[in-house]
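Residue numbers (UniProt numbering), protein chains in the order written: chain G, 1 to 303; chain Z, 1 to 400.
Among the hints, erroneous ones may be present.
Claimed, not checked - Derived DSSO-like pairs: lysine-lysine, alpha-carbon spacing no greater than 30 Å straight-line:
hint, chain 1, residue 1, chain 2, residue 2
1, G, LYS295, Z, LYS110
2, Z, LYS277, Z, LYS290
3, G, LYS217, Z, LYS290
4, Z, LYS184, Z, LYS113
5, Z, LYS110, G, LYS217
6, Z, LYS110, Z, LYS184
7, Z, LYS174, Z, LYS184
8, Z, LYS216, Z, LYS184
9, Z, LYS216, Z, LYS277
FYI, nobody ran anything at the bench for these hints, they're computed from the structure.
Each chain, written out:
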Amino acid sequence: MAFAAFATAEAVPQAPKRASRIGWFLLAPGLAYLALFFLTPLISLLLTSLQAPDLYGDIGAYVYAFNWQNYVDVVSEYGEHILRSFGYALVATAAALLISYPIAYYIGVRCRSRPLLQSILLVLVIAPFFISFLLRTLAWKQLLSDESFIITSLKALSLMAPDAHFTGTAFAVIFGLTYNFIPFMTLPIYTTLERLDTRYLEAGADLYGSPATVFRKVTLPLSMPGVVAGTLLTFIPAAGDYVNASRDFLGGTDTAMIGNVIEANFLVLLNYPAAAALSIILMAVILAIVGVYVKRAGTEDLL
Amino acid sequence: MAHLDFAERGADLELAGIHKRFPGFTAIESLDLTIPAGSFFALLGPSGCGKTTTLRLVAGLEEPTSGRIRIGGVDVTDVTAYRRPVNTVFQSYALFPHLSILENVAFGLKRRKIADPLGLAHEALRLVELDHLAGRRPAQLSGGQQQRVALARAIVNRPALLLLDEPLGALDLKLRRQMQLELKSIQTEVGLTFLHVTHDQEEAMTMADTVAVMNKGRIEQLGAPEELYELPRTAFVATFLGQSNLFTGDVVAGNPNSITVDVGGTAIVVPLDRAAKHTGTVSVGVRPEKVALHRSAPAPDGERNVLGAGRVVDVSYTGVSTQYLVEVPGIAGRLTVFAQNSGVGHSASLGDEVWLSWRVEHGFGLADEAEAPARFDDDTDTTALAAQERAALQTELEEA
Chain G
1 MAFAAFATAE
11 AVPQAPKRAS
21 RIGWFLLAPG
31 LAYLALFFLT
41 PLISLLLTSL
51 QAPDLYGDIG
61 AYVYAFNWQN
71 YVDVVSEYGE
81 HILRSFGYAL
91 VATAAALLIS
101 YPIAYYIGVR
111 CRSRPLLQSI
121 LLVLVIAPFF
131 ISFLLRTLAW
141 KQLLSDESFI
151 ITSLKALSLM
161 APDAHFTGTA
171 FAVIFGLTYN
181 FIPFMTLPIY
191 TTLERLDTRY
201 LEAGADLYGS
211 PATVFRKVTL
221 PLSMPGVVAG
231 TLLTFIPAAG
241 DYVNASRDFL
251 GGTDTAMIGN
261 VIEANFLVLL
271 NYPAAAALSI
281 ILMAVILAIV
291 GVYVKRAGTE
301 DLL
Chain Z
1 MAHLDFAERG
11 ADLELAGIHK
21 RFPGFTAIES
31 LDLTIPAGSF
41 FALLGPSGCG
51 KTTTLRLVAG
61 LEEPTSGRIR
71 IGGVDVTDVT
81 AYRRPVNTVF
91 QSYALFPHLS
101 ILENVAFGLK
111 RRKIADPLGL
121 AHEALRLVEL
131 DHLAGRRPAQ
141 LSGGQQQRVA
151 LARAIVNRPA
161 LLLLDEPLGA
171 LDLKLRRQMQ
181 LELKSIQTEV
191 GLTFLHVTHD
201 QEEAMTMADT
211 VAVMNKGRIE
221 QLGAPEELYE
231 LPRTAFVATF
241 LGQSNLFTGD
251 VVAGNPNSIT
261 VDVGGTAIVV
271 PLDRAAKHTG
281 TVSVGVRPEK
291 VALHRSAPAP
301 DGERNVLGAG
311 RVVDVSYTGV
321 STQYLVEVPG
331 IAGRLTVFAQ
341 NSGVGHSASL
351 GDEVWLSWRV
361 EHGFGLADEA
371 EAPARFDDDT
381 DTTALAAQER
391 AALQTELEEA
């Protein structure tokens with residue numbers, strides 16, 4: 001599973017130092033692919049973000065320039081959206097972690113003596129992937145729209161104000177993000193907890209650690225590689241997500257995230273430099289946050 | 001809570017009527033055991049005999065099906081593991097891989113909020129001569145060093161009772177000898193009660209004051225190592241703790257001092273106070289190093305039992321001694337003889353006709369009868385049972 005590979009990537013022993021032509025030969029297709037489909041678009045994106053409007057052309061026509069003013073413009077215009085994106089992503093990541101950790105612990109540690117139950121629960125975690133996440137998010141919109149059974153019932157029971165909405169609120173967007181990324185959080189945590197040697201827990205108890213202390217001092221630190229992998233797999237895509245926050249799905253006009261702004265600039269406003277500049281900013285901020293996070297989490301010490 | 005202080009001295013351990021059943025098998029059957037404070041007690045037995053389960057019951061990692069456990073007079077049967085004044089040196093060491101050696105050793109002290117945990121941890125590491133490695137991670141240490149860290153991590157807490165679960169099993173012979181001596185000196189130095197579980201009879205004999213031989217969930221015999229070796233009470237003890245030559249026959253004569261057993265036509269005399277059973281069919285035995293080898297029939301003098309003539313069927317030279325296997329007509333099985341290679345006494349070679357003799361007072365009589373030993377013991381240890389269960393489940397799944 002890809003998640004297992006992600007979680008154990010740091011444990012790979014050092015490769016032999018000897019330069020090997022076979023190694024380069026095997027790497028070549030991957031390197032060529034990345035150069036063509038990752039590096040080229042990235043350079044193109046960078047160049048686009050610095051373009052200036054073509055004074056003599058139509059709307060949507062730009063010429064190559066060194067117009068760094070684009071960055072200043074998008075930050076002042078969309079600063080709120082950028083902050084909102086990272087805020088939503090942060091809350092959704094935290095919520096997904098709180099929901100996923102107990103699930104992963106139950107499947108990975110408590111169900112060890114019952115392999116059949118363990119497999120069934122794992123399949124249930126992965127099951128949502130069998131349906132496109134667009135359809136699933138759309139289904140939630142149906143279930144939670146103002147005319148839906150759930151919302152009308154809640155209103156009839158006076159548990160919700162008559163003029164309140166669920167869809168279109170920040171809560172709905174964060175709910176959608178959390179829901180969609182729970183499997184990405186659960187699986188890497190599961191893979192580390194599944195390998196957790198319970199003898200360490202016994203040793204913790206033997207050394208006067210209460211169950212809560214043993215969890216805090218032993219279980220949690222030992223499962224940090226999974227937690228780091230899971231939070232990254234959730235936070236990075238969630239920060240750039242434009243489906244949940246879209247008005248067509250769970251979002252509204254005042255819940256737009258950076259992804260929605262990029263989409264609008266690119267497809268509706270035809271402001272390609274602004275969209276490109278926002279994309280570069282999104283990428284840079286994520287890189288910075290992830291860099292600090294991974295360094296602070298200190299996962300390299302764990303393996 | 002009393003356990004928050006360092007134990008001034010070891011506490012005694014009392015197991016009363018302990019039963020432990022796991023689904024499908026009984027690990028411990030009616031175990032009663034008292035270990036006096038300050039002693040070094042070894043629980044010796046083959047794998048699957050219930051000795052590790054006993055240790056885990058005392059540590060609080062398993063619950064007994066019935067029976068009570070008392071430490072220093074306090075009933076701890078219903079006390080959870082982390083509140084018991086007990087520390088364990090685990091067979092796998094179980095050092096926390098994410099903590100440094102120093103943090104590992106200080107773990108228990110910090111949990112109990114004892115002042116200056118790091119200072120005490122350094123002191124414990126000095127005791128096992130590993131203070132210079134305090135900053136390393138467990139994975140950077142050798143097996144022997146990890147074992148000493150595990151020991152330091154346990155004794156730094158000055159538990160009333162220290163449990164050792166085959167802690168030397170993974171070490172090579174030389175290191176094991178060295179650690180045995182260190183453990184023994186630490187125990188004498190700090191005066192704790194040690195409960196040591198092992199399947200290595202030599203380890204149990206060299207280290208412990210008292211050894212209990214355990215088999216199939218029961219204690220077969222308990223006593224000082226010399227006592228167990230010189231006067232085994234059951235066939236299991238006679239063969240598990242060292243080697244024995246065992247003979248089974250009927251008691252044909254008896255007087256106030258001895259009994260005479262007829263073994264395949266030869267009379268073997270055993271002192272009455274060294275025989276557990278005085279009538280009917282009994283098993284008697286003698287240790288191989290007590291048996292002398294003769295090239296001609298020795299004159300009967302009433303002080304020695306004599307067997308022969310027999311034939312040497314195997315000779316193996318082991319350095320200090322030579323081991324002979326001798327077949328004697330009319331006696332089931334082969335007899336083992338250890339002869340010191342001191343250059344004195346008789347030596348024999350393959351096929352030679354020999355007589356065997358031993359002093360009457362070296363013989364012993366068993367409480368049970370010796371059976372023909374099985375080639376392989378039943379595989380009843382926990383891992384094997386788990387593996388069997390998993391295999392059964394797998395076939396079940398495949399059939400479904």
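Structure-based check of each hint:
1. G/LYS295 - Z/LYS110: 27 Å, holds
2. Z/LYS277 - Z/LYS290: The given pair, whose Cα atoms are some 22 Å apart, holds under the 30 Å limit.
3. G/LYS217 - Z/LYS290: Distance of about 57 Å is beyond 30 Å: violated.
4. Z/LYS184 - Z/LYS113: 29 Å, holds
5. Z/LYS110 - G/LYS217: 11 Å, holds
6. Z/LYS110 - Z/LYS184: Distance ~27 Å between Z/LYS110 and Z/LYS184 Cα, so the pair holds.
7. Z/LYS174 - Z/LYS184: Given pair Z/LYS174, Z/LYS184 holds - Cα atoms ~16 Å apart, limit 30 Å.
8. Z/LYS216 - Z/LYS184: Between Z/LYS216 and Z/LYS184 the Cα gap is close to 28 Å, so the pair holds against 30 Å.
9. Z/LYS216 - Z/LYS277: 22 Å, holds
Of the numbered hints given earlier, the model fails hint 3 alone.
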